[in-house]
Amino acid sequence: MSRWRNLLVAVTIIAVLVMMFPGCGGESEPAPTPSPTPTQTPTPTSTPTPEPSPAAQELSGKIAGINPAERAAFPELLGVSQELNNAQSEGALSGGEREELEDDLSEKSSDFIKHRVDEIDPSDPASLKDFFDLQTVQRMSEYDELCTPETKQYKEEQMGEKFNEWVRNRVDEIDPTDPNSLKDFFDLQRIQRTSKYEEFATSETHEYKEEQMGEKFNEWVRNRVDEIDPTDPNSLPEFFDLQRIQSTEKYDEFATPETHEYKESEMKRKFNEWVENRVNDLDPNDPDFLEELEKLRVIQLSDKYDRLCTTPMHEWKVQELKEKFADLVDALDPSMPNFMEKLDELTKLQKDSSYEEIWSKGLMQYKEEQLRIKLTKEPGEIPHVLGTLPGHEQSDVPVSQSILIAFDQPMEPFSVVDNLEDYPAMEYDLSWMDDNVVLILEPIEPWDFDTIYTVYIGAGAISEAGMLLEEGYKFNFTTKESGEAPQVMETLPRDGQADASGSQPLEIHFDQPMAADSLEAAIEISPAINYAILWQEENTIAVLHLLEPLGNDTAYTVGIGTEAMSADYIPLEESYRFSFFTGIHGAPHVLGTLPENGQADIPSNHPIQIVFDRPMNPAPVEAALEVSPNMDYSTTWLEANFVLLLEPLAPLAANKTYTFEIGTEAVSIVGLPMEEDFSFSFTTGG
Numbered sequence: 001m002s003r004w005r006n007l008l009v010a011v012t013i014i015a016v017l018v019m020m021f022p023g024c025g026g027e028s029e030p031a032p033t034p035s036p037t038p039t040q041t042p043t044p045t046s047t048p049t050p051e052p053s054p055a056a057q058e059l060s061g062k063i064a065g066i067n068p069a070e071r072a073a074f075p076e077l078l079g080v081s082q083e084l085n086n087a088q089s090e091g092a093l094s095g096g097e098r099e100e101l102e103d104d105l106s107e108k109s110s111d112f113i114k115h116r117v118d119e120i121d122p123s124d125p126a127s128l129k130d131f132f133d134l135q136t137v138q139r140m141s142e143y144d145e146l147c148t149p150e151t152k153q154y155k156e157e158q159m160g161e162k163f164n165e166w167v168r169n170r171v172d173e174i175d176p177t178d179p180n181s182l183k184d185f186f187d188l189q190r191i192q193r194t195s196k197y198e199e200f201a202t203s204e205t206h207e208y209k210e211e212q213m214g215e216k217f218n219e220w221v222r223n224r225v226d227e228i229d230p231t232d233p234n235s236l237p238e239f240f241d242l243q244r245i246q247s248t249e250k251y252d253e254f255a256t257p258e259t260h261e262y263k264e265s266e267m268k269r270k271f272n273e274w275v276e277n278r279v280n281d282l283d284p285n286d287p288d289f290l291e292e293l294e295k296l297r298v299i300q301l302s303d304k305y306d307r308l309c310t311t312p313m314h315e316w317k318v319q320e321l322k323e324k325f326a327d328l329v330d331a332l333d334p335s336m337p338n339f340m341e342k343l344d345e346l347t348k349l350q351k352d353s354s355y356e357e358i359w360s361k362g363l364m365q366y367k368e369e370q371l372r373i374k375l376t377k378e379p380g381e382i383p384h385v386l387g388t389l390p391g392h393e394q395s396d397v398p399v400s401q402s403i404l405i406a407f408d409q410p411m412e413p414f415s416v417v418d419n420l421e422d423y424p425a426m427e428y429d430l431s432w433m434d435d436n437v438v439l440i441l442e443p444i445e446p447w448d449f450d451t452i453y454t455v456y457i458g459a460g461a462i463s464e465a466g467m468l469l470e471e472g473y474k475f476n477f478t479t480k481e482s483g484e485a486p487q488v489m490e491t492l493p494r495d496g497q498a499d500a501s502g503s504q505p506l507e508i509h510f511d512q513p514m515a516a517d518s519l520e521a522a523i524e525i526s527p528a529i530n531y532a533i534l535w536q537e538e539n540t541i542a543v544l545h546l547l548e549p550l551g552n553d554t555a556y557t558v559g560i561g562t563e564a565m566s567a568d569y570i571p572l573e574e575s576y577r578f579s580f581f582t583g584i585h586g587a588p589h590v591l592g593t594l595p596e597n598g599q600a601d602i603p604s605n606h607p608i609q610i611v612f613d614r615p616m617n618p619a620p621v622e623a624a625l626e627v628s629p630n631m632d633y634s635t636t637w638l639e640a641n642f643v644l645l646l647e648p649l650a651p652l653a654a655n656k657t658y659t660f661e662i663g664t665e666a667v668s669i670v671g672l673p674m675e676e677d678f679s680f681s682f683t684t685g686g
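In the numbering used here, the protein residues as written are 1 to 686.
None of these hints come from the bench; they were simulated from the model.
Don't be surprised by glycine CBs; every beta carbon is placed ideally from N, CA and C.
Accuracy of the hints is not assured; some may be wrong.
Per label pair, the in silico range of CB-to-CB distance [unchecked claim]: (1) Glu249 x Met631: 34 to 44 angstroms; (2) Ile525 x Lys351: 19 to 29 angstroms; (3) Asp450 x Ala516: 22 to 32 angstroms; (4) Met140 x Asp632: 16 to 26 angstroms; (5) Ala516 x Met631: 54 to 64 angstroms; (6) Asp333 x Glu249: 52 to 62 angstroms; (7) Ser247 x Ser395: 47 to 57 angstroms; (8) Asp632 x Thr683: 17 to 27 angstroms; (9) Ile452 x Ile525: 38 to 48 angstroms; (10) Glu261 x Trp432: 53 to 63 angstroms; (11) Trp432 x Asp333: 32 to 42 angstroms.
I would like the entire structure built from these sequences, with the hints used as guidance.
The following block contains the structure:
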């Protein structure tokens with residue numbers, strides 16, 4: 001049995017080997033290949049793709065419709081982001097849907113940011129707003145969630161490059177030949193205080209700004225000095241302008257010792273030349289001689305005169321004026337029709353204590369001697385009345401007019417007064433001038449309106465030589481009718497002017513001649529300034545000549561009380577006030593807003609901000625801001641007070657138009673008011 005078993009095992013092994021190695025069996029025919037058994041591929045089980053949810057479809061359509069190249073796309077991006085969060089919290093989206101929608105929205109948001117960065121034009125001064133707008137966008141949580149790291153890096157790099165270019169462009173634009181470019185130096189100083197400057201301005205840009213501004217400021221100062229024309233009578237304010245500039249921080253920061261020395265020496269030289277020209281221009285034969293002389297007197301009261309006028313020039317001026325006064329006296333001619341008016345002017349001038357330096361004892365003696373020669377006869381002759389002011393039967397005489405009576409020889413004062421009659425009765429102060437040749441009656445109270453006054457000097461009046469008047473002398477005059485109350489017609493600077501000069505005289509124009517003393521007592525200026533009043537155009541224009549420059553960036557108010565009266569002593573019906581601002585910087589304006597004016601479908605998460613072109617004073621701006629319809633909000637000031645951010649304390653109402661108005665009570669950080677009201681509005685979405 002075991003032998004058969006072993007044989008069976010051997011056969012089996014051989015058979016297996018033959019199957020494994022078919023060539024081993026010699027030339028035997030290959031075994032036929034069995035037909036393959038057909039196999040059936042199993043049919044996979046298909047899982048149907050679920051349809052997007054209605055919320056996902058709607059949001060996807062909105063995202064697809066956003067054009068990131070448009071500035072108006074920002075509210076759409078914020079609105080979709082808000083809807084996406086709401087849909088997720090309500091369970092209307094699957095996790096995959098939300099992820100896909102966020103990817104699409106992130107792509108659009110990143111494109112939008114890149115477009116806004118690319119649109120910034122560093123050559124445009126107003127593009128400062130674009131930097132501030134993007135800074136506000138960057139502060140939002142949506143920015144971190146939706147913008148890719150690559151976009152954020154692109155924004156920082158491009159904004160940094162463009163901001164430095166923007167600063168350099170502003171420096172390059174400063175024109176030292178333009179007097180108005182002074183504000184540009186101060187504007188750049190304000191920009192330097194913003195966080196944007198600290199963040200982006202490179203050390204190279206900062207150094208460039210400082211070097212160029214220093215060079216240009218010194219050139220600007222020298223140009224202003226060189227432009228002063230001593231031959232121009234109206235160039236005096238330019239001396240005061242430079243004094244104002246010297247008091248600014250910019251002068252301390254940038255003006256070199258060489259520039260300062262040049263300014264001082266040239267201004268002194270030109271001021272003395274200006275004074276010399278004004279004295280030489282004075283012509284005793286000019287009808288405006290006394291008015292021009294008064295201008296010189298006022299100028300002499302200023303601190304500029306004390307600082308710049310040399311002693312030799314001052315002494316020369318005084319001597320020249322004395323000689324011109326002598327010429328004026330020499331020109332007096334009793335035969336001239338206006339002789340009494342000229343005599344009245346000289347008499348008033350001689351009584352003015354401010355002319356004591358000119359009216360020296362010698363000059364007064366000369367005037368009296370000349371008048372004696374011109375007016376009087378030889379002693380022993382019968383005296384006569386040479387002339388009167390007002391003249392006989394003169395009408396329309398101002399009720400404040402003094403009465404002058406000129407004799408042709410010195411009179412014995414008491415005899416004249418004893419023989420003086422007037423009716424109706426007049427109250428006056430009596431005085432004599434020019435060695436008792438001229439009698440002056442000054443009204444204590446204004447004469448009555450529309451009244452005929454008669455003055456009579458009886459024959460009992462005698463001259464100093466003891467000769468009686470040959471016969472009494474009588475004359476009469478009629479005062480003018482009562483007029484209307486005076487009115488202020490115009491002021492310079494004008495009321496509300498924001499860029500008033502700190503060196504030009506102030507002017508108040510009236511509709512009729514004024515009583516000088518009454519106005520001077522009625523004027524009140526706050527803050528107080530040092531000035532002297534010069535009257536022009538027959539006392540219809542009061543010119544307040546500054547004796548020192550006004551303060552920079554200061555609001556002034558001028559009040560004129562009802563004590564101010566016309567030459568007829570009729571008071572103002574009501575007080576008058578006007579205000580102005582001495583601004584170096586220029587009035588503030590709004591560069592733009594977020595949202596932009598007129599935008600619609602604004603979501604509740606949209607920032608609300610106002611960007612100004614210069615730093616603002618927060619309290620007055622917020623007080624001048626009105627929102628309609630009313631809403632509660634908080635305020636945040638950013639970028640050194642260039643940017644006002646408003647944050648509603650409750651969601652804004654849907655489909656509602658909100659309007660924001662800022663009145664001219666809003667002022668910049670230096671106190672300069674806005675020139676006009678500003679408003680913008682937007683409409684919320686549903």
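Results for each hint:
1. Look at glutamate 249 against methionine 631: about 40 angstroms separates their beta carbons, and that is inside 34 to 44 angstroms.
2. The given range of 19 to 29 angstroms is respected by isoleucine 525 and lysine 351, whose C-beta atoms sit roughly 28 angstroms from each other.
3. Checked against the hint of 22 to 32 angstroms, the pair aspartate 450 and alanine 516 passes, with Cβ atoms roughly 24 angstroms apart.
4. For the hinted restraint 16 to 26 angstroms between methionine 140 and aspartate 632, the CB-CB distance of approximately 21 angstroms keeps it satisfied.
5. The beta-carbon spacing between alanine 516 and methionine 631, approximately 56 angstroms, falls within the hinted interval of 54 to 64 angstroms.
6. The supplied range of 52 to 62 angstroms is met by aspartate 333 and glutamate 249, whose beta-carbon atoms lie about 59 angstroms from each other.
7. Separation of serine 247 from serine 395 is about 54 angstroms and conforms to the stated range, judged on CB atoms against 47 to 57 angstroms.
8. Our hint of 17 to 27 angstroms for aspartate 632 and threonine 683 holds, since their Cβ atoms are close to 19 angstroms apart.
9. Taken as a hint, the range 38 to 48 angstroms holds for the pair isoleucine 452 and isoleucine 525, whose Cβ atoms sit roughly 42 angstroms apart.
10. Distance hint for glutamate 261 and tryptophan 432: a CB-CB separation of about 56 angstroms, consistent with the stated range 53 to 63 angstroms.
11. Hint check: tryptophan 432 to aspartate 333, Cβ distance near 22 angstroms, so the stated range 32 to 42 angstroms is violated.
Of the numbered hints listed earlier, the single one contradicted by the structure is hint 11.
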